[in-house]
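J.: Protein chains in written order, with numbering that gives the first Met the number 0: chain A, 0 to 352; chain B, 0 to 352; chain C, 0 to 352; chain D, 0 to 352.
Please note that the accuracy of each hint is not assured.
Pairs involving identical chains hold if they fit within one copy or between any two copies, as the list cannot separate such chains.
Unchecked claim - Calculated cross-link-like contacts (lysine to any residue; reagent style SDA-like; alpha-carbon spacing at most 25 Å):
{"no.": "1", "residue 1": "K273", "residue 2": "G202"}
{"no.": "2", "residue 1": "K21", "residue 2": "G64"}
{"no.": "3", "residue 1": "K205", "residue 2": "P43"}
{"no.": "4", "residue 1": "K321", "residue 2": "E291"}
{"no.": "5", "residue 1": "K192", "residue 2": "N40"}
{"no.": "6", "residue 1": "K296", "residue 2": "D201"}
{"no.": "7", "residue 1": "K321", "residue 2": "T141"}
{"no.": "8", "residue 1": "K191", "residue 2": "A36"}
{"no.": "9", "residue 1": "K21", "residue 2": "A322"}
{"no.": "10", "residue 1": "K288", "residue 2": "L48"}
{"no.": "11", "residue 1": "K296", "residue 2": "P323"}
{"no.": "12", "residue 1": "K2", "residue 2": "I334"}
{"no.": "13", "residue 1": "K21", "residue 2": "I45"}
{"no.": "14", "residue 1": "K321", "residue 2": "Q173"}
Hints are computed from structural coordinates only; laboratory data are not their basis. Note that the structure is a prediction, hence the values are computed from the model and not measured.
There are 4 protein chains.
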Amino acid sequence: MPKVLMKGNEVIAEAAIHAGCKNFFGYPITPQSELVAYMANRLPEIDGLFLQAESEVAAINMVYGAASAGVRVMTSSSSPGFSLKQEGVSYLAGAELPAVIVNIGRGGPGLGNIQPAQSDYFQVTKGGGHGDYYTPVLAPSTLQEIVELTKLAFDLADEYRTPVVLLGDGMLGQMMEPVEFTEEDMKVLPEKKWATTGTRGDGAPKVISSLELNDVNLENHNHTLQSKYEVIKQREVRFDTYRADDAEYMVVAYGTVSRIAKSAIDEARENGIKIGMIRPITLWPFPEKPFEEYRDKVKAFLSVEMSAGQMVEDVRLAVNGKAPVEFFGRTGGVIPNHSEVLEAIKSLAGGGQ
Amino acid sequence: MPKVLMKGNEVIAEAAIHAGCKNFFGYPITPQSELVAYMANRLPEIDGLFLQAESEVAAINMVYGAASAGVRVMTSSSSPGFSLKQEGVSYLAGAELPAVIVNIGRGGPGLGNIQPAQSDYFQVTKGGGHGDYYTPVLAPSTLQEIVELTKLAFDLADEYRTPVVLLGDGMLGQMMEPVEFTEEDMKVLPEKKWATTGTRGDGAPKVISSLELNDVNLENHNHTLQSKYEVIKQREVRFDTYRADDAEYMVVAYGTVSRIAKSAIDEARENGIKIGMIRPITLWPFPEKPFEEYRDKVKAFLSVEMSAGQMVEDVRLAVNGKAPVEFFGRTGGVIPNHSEVLEAIKSLAGGGQ
Amino acid sequence: MPKVLMKGNEVIAEAAIHAGCKNFFGYPITPQSELVAYMANRLPEIDGLFLQAESEVAAINMVYGAASAGVRVMTSSSSPGFSLKQEGVSYLAGAELPAVIVNIGRGGPGLGNIQPAQSDYFQVTKGGGHGDYYTPVLAPSTLQEIVELTKLAFDLADEYRTPVVLLGDGMLGQMMEPVEFTEEDMKVLPEKKWATTGTRGDGAPKVISSLELNDVNLENHNHTLQSKYEVIKQREVRFDTYRADDAEYMVVAYGTVSRIAKSAIDEARENGIKIGMIRPITLWPFPEKPFEEYRDKVKAFLSVEMSAGQMVEDVRLAVNGKAPVEFFGRTGGVIPNHSEVLEAIKSLAGGGQ
Amino acid sequence: MPKVLMKGNEVIAEAAIHAGCKNFFGYPITPQSELVAYMANRLPEIDGLFLQAESEVAAINMVYGAASAGVRVMTSSSSPGFSLKQEGVSYLAGAELPAVIVNIGRGGPGLGNIQPAQSDYFQVTKGGGHGDYYTPVLAPSTLQEIVELTKLAFDLADEYRTPVVLLGDGMLGQMMEPVEFTEEDMKVLPEKKWATTGTRGDGAPKVISSLELNDVNLENHNHTLQSKYEVIKQREVRFDTYRADDAEYMVVAYGTVSRIAKSAIDEARENGIKIGMIRPITLWPFPEKPFEEYRDKVKAFLSVEMSAGQMVEDVRLAVNGKAPVEFFGRTGGVIPNHSEVLEAIKSLAGGGQ
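Whenever a hint applies, use it, and build me the whole structure from the sequences.
T.: The structure is reproduced here in structure tokens:
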């Protein structure tokens, strides 16, 4: 198929449709409103369902309902709106319902502003809601990667019966790049025997619920969930490396920041600093393997984020004291430029010598 | 004052009133409803204000309003309800508003059940909402400690202009113990010059907001917040140790679980295992110091929680690879008994030898 | 087509589907919940959209959205739920949007009970919401008449761009009778050039709104509405008479009560009382013509209602002092039986001599 | 006390406070927002409670709660907001709870505009919500009359245990006039033995509810309500007349429109037309007596309203065919001027000759 020039938010929407998602419930919030608008426009054309809900809370609960009926369903929001959905995400996880939830992060905390930020890392990776649960979190860095990861998000959701988060930031949502959609056969979606589509009087009604009053039964259910999370950790970790093989220093960055970091790394290499990058693509499960591989080889790690320091905790856990872990970040919607990342690298390499 | 026999939930309420809190907004949810009921009964008697809100979301936003007016204000909930408040907590943090939020944790995820759990550790310590913020989290283990920590919660909230979380579980909320309230002079509350109590035409209106559209300004605001968090980390860490001095193994436990752990430790000592305990009282800031002190001395740590393993991450970060960190937990509302904790200790000591 | 035995609530739902309604937004409330359940079951089968909203308020506003897009859309509720929709009905009327709203009345005021009542006559005929508007109100008395009037409701809604109310009571909703659905060509629905279905870049966007800040413009809009209401009053009045030709006394009753009244009238005739009935089928516009015809002939009118006396006001307005107008009613869910209606008739006839 | 110059909305608020109302729950909507703002400012000063609710629906239900506790409580809104409160008003009526609800009407239907209108006459006098209930409706025409009628509203509410509506329009709310508040002894409020203020373990709990599942009991409750409404109709009708004694024609107008009508009447008198006015002060109960007195004397009535014709129905019912009833109205926020009312009078007098 030919390449088309689109906005990041629109690419998410179109990729979801290509993945067979015909149901969207949402509430507009900058900087992801183009996604909602695109869905409002496109879904009726393909006999899909778009509904702008009364609130973020209503939207996530409609997702719960649609997911229970076995259809592919998506909602999207930006940071404050995602916070409002936390109870619903915990319910989806508890009831083992597949759904894709997009979070296009913006500057916070509170109302903050509408500039890009990565300060929702904690709330998407540590289970921002209540109870012991995790959701796979996918963090694309280019619009073409959005196409792949949005498809993957729906597949993971269905395979593991879990909500999946697609995490971007305002920069990714607003930028335009040419993308290519591959043909997908939207009709061969996985069968969902558990879906509550009605018994038509044949057999006992299926029940989807996260309620379990008996503590032993609820613990057994938690064991099931934790076993599932272990399988996901085994199988579904995704990451990328850049000039890592001979690296003495290692940047860690994800999403749009990894693109800025690449420029800085190239420039640092020209300055004689042997530096590479680990780019987590799944933020949960966090890619521990490459850190185990490199933590004894490199002199120091540098986590670069558009936050006050959140992923850096997972980096520290993965490095486990085997090497220094430093941090460089900008917040409040300020996008780091490659020269200040370069300075941070120089400082790291200087400090590490 | 004489000791009185009360339920944990009621002790929180009465301690809040002793701390000068005359404003409560909430929504009933088991297992913390006695707290709401107590406030409904008591506050009108002392010319205070109790309001049962339309929803958890409404309640936390009423807290925002009352806090803006400079009064001491509290809300309380249990796990799913706390998730719904996440956006509001981020707003309180962003607007630097003092408030006390009680979370009496229950089994999850989702609707779960109404038995005790500690599986909200992540959502209260990692900033369950959006943006870079933390809230001090206090975790009492006895009803008498509730009295102290509730008072402390209000004082920290006012001193640092921050929401503070008081974290318990259904066991703590429902148990009865004799407690003693000390006389507090409720009238000498700290003056709040920033409060929006009206200018009466004198001077420019004060504004309380978490909105800051300019990214550089919002980053500066984040620097202010982060500096405040550094100060809190310096000054406000609280923890307790138990038979730690000569310990070769160390349990880490908080809240009600620490009481069960004590019995298990005593019994383990009788079995010849030199084991002690670090009990974090502030979950954020997490007490790193005692781990730095003991991590080179002990053979292994064992985090015991009523969760699938959440605090254990902070333990690993604090131990930083200097010693093995194991985990024992029960979930879904199952309370670990001291003999299974003892077994876990024996297994740790066996495995560590 | 063969006759099928169905519940009244289900007949409304199936008749709506026959009328080409593929969109339903609602919230369950007794005694109309079978309607919601039927739609939840049937609409997905025909590629329609069923959505259980967060609240009655949400449901009516979703109806507003769907109606704006030009599709046939329905919501339904019972008395307290209908009250909550009043703002939305006024918005639909102000924006001239076609929609069908079902009200299956129950005992009130307040929470009341779930037994049949006609005490919502005022709120459906006098514009229960704000501003100068009316909605056509259709009141079927049999399940077969439901089939006709539900179809008519959608046709009137589209023809006059107005919300239309279908008013029943719990008895009508719960009773079972054989009904026959005629084949309808659901595809030839009226074209709606005003619908906001997107311009695809071609021409100026259409706007649906009830906002008009300029008072003169809003008055002009009100003139348009009032002219439309005049046309509806001219063309769309529907009523039935029973044994009216030689009547000396006249019962006025609608809906299920008219069926009870018929038995009483037959018995009264056997007792020598020349009595007939006017049965309004449209409650708004109220059928004034038959009253103008009979008010000089009959000795007295008797309005029989399951209310404390509401339609009786419209009867008095239509009779305009030309004859006495008496009232007999039961309330709170009590269904009048034919013998007490007969007594009321005897008392009327005795008193009128 | 000295006269003070205030806005109408503020006069309502201050008069409520003079009447002992220390509890206000509301939601801002133009053109009554000054009332809310005034309460927000004043109530904290007198240890009262002001709460801006999450929505109009929340506000009216908070009124229900406060009224149940026996305190004097008020809410206020404008037309669309009042529609949203209809369910709550029906609940207050059903539960026989005293409360004062202010409606400062604006142009409609739907969102309309923020100019003055009287097009909520139906929804306040005919029980805009479900079930058989009425609320006394007071319609002041001057700011000084607001002082009296606001006090009266609270007294009627308490005496008859009923919600009472104070109906104004944007003009009345926004105009400024000097008013005088008389000293009221706010402390001697009527005792409310039925209030649910807690039993303190002494006796059975009191219950406030509008639920009555048994139909016969609910009908009995309706008889109680209807009997109460009869008593109110006997005792509490209020109206005023102007130059009515020798009138051959009669204007009917209420609220601000009656002031415009007076000028027109004076001018008509100078033109030799013997015309007077009946001004209903209570819209419900509607003053039927003066119509019974004058309907045989005058040649015609003219209802003048800022609506498309609503009160005119009650005028027709009261006149009962004994004289022609004409209507003149402006809508959409247009305020009739005295010269067009004069023209309407001339046309009436011409047509009546």
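J.: Now, for every hint given, state plainly whether the structure supports it.
T.: Hint by hint, here is what the structure shows:
1. K273 <-> G202: neither (65 Å within a copy, 58 Å between copies)
2. K21 <-> G64: Answer is both: 14 Å inside a copy and 19 Å across each meet the 25 Å cutoff.
3. K205 <-> P43: Answer is between; shortest inter-copy Cα gap is 18 Å, intra-copy 30 Å.
4. K321 <-> E291: both (9 Å within a copy, 16 Å between copies)
5. K192 <-> N40: between (31 Å within a copy, 18 Å between copies)
6. K296 <-> D201: neither (62 Å within a copy, 61 Å between copies)
7. K321 <-> T141: Neither: 32 Å inside a chain and 39 Å across chains, both beyond 25 Å.
8. K191 <-> A36: For K191 and A36, the Cα distance is within 25 Å only across copies (22 Å; inside one copy 29 Å).
9. K21 <-> A322: So K21 and A322 fail the 25 Å test inside a copy (47 Å) and across (51 Å) alike.
10. K288 <-> L48: neither (41 Å within a copy, 47 Å between copies)
11. K296 <-> P323: This pair counts as both: shortest intra-copy Cα distance 12 Å, inter-copy 22 Å.
12. K2 <-> I334: neither (28 Å within a copy, 57 Å between copies)
13. K21 <-> I45: Both: 8 Å inside a copy, 16 Å across copies.
14. K321 <-> Q173: Classified as neither; 39 Å inside a copy, 44 Å across copies.
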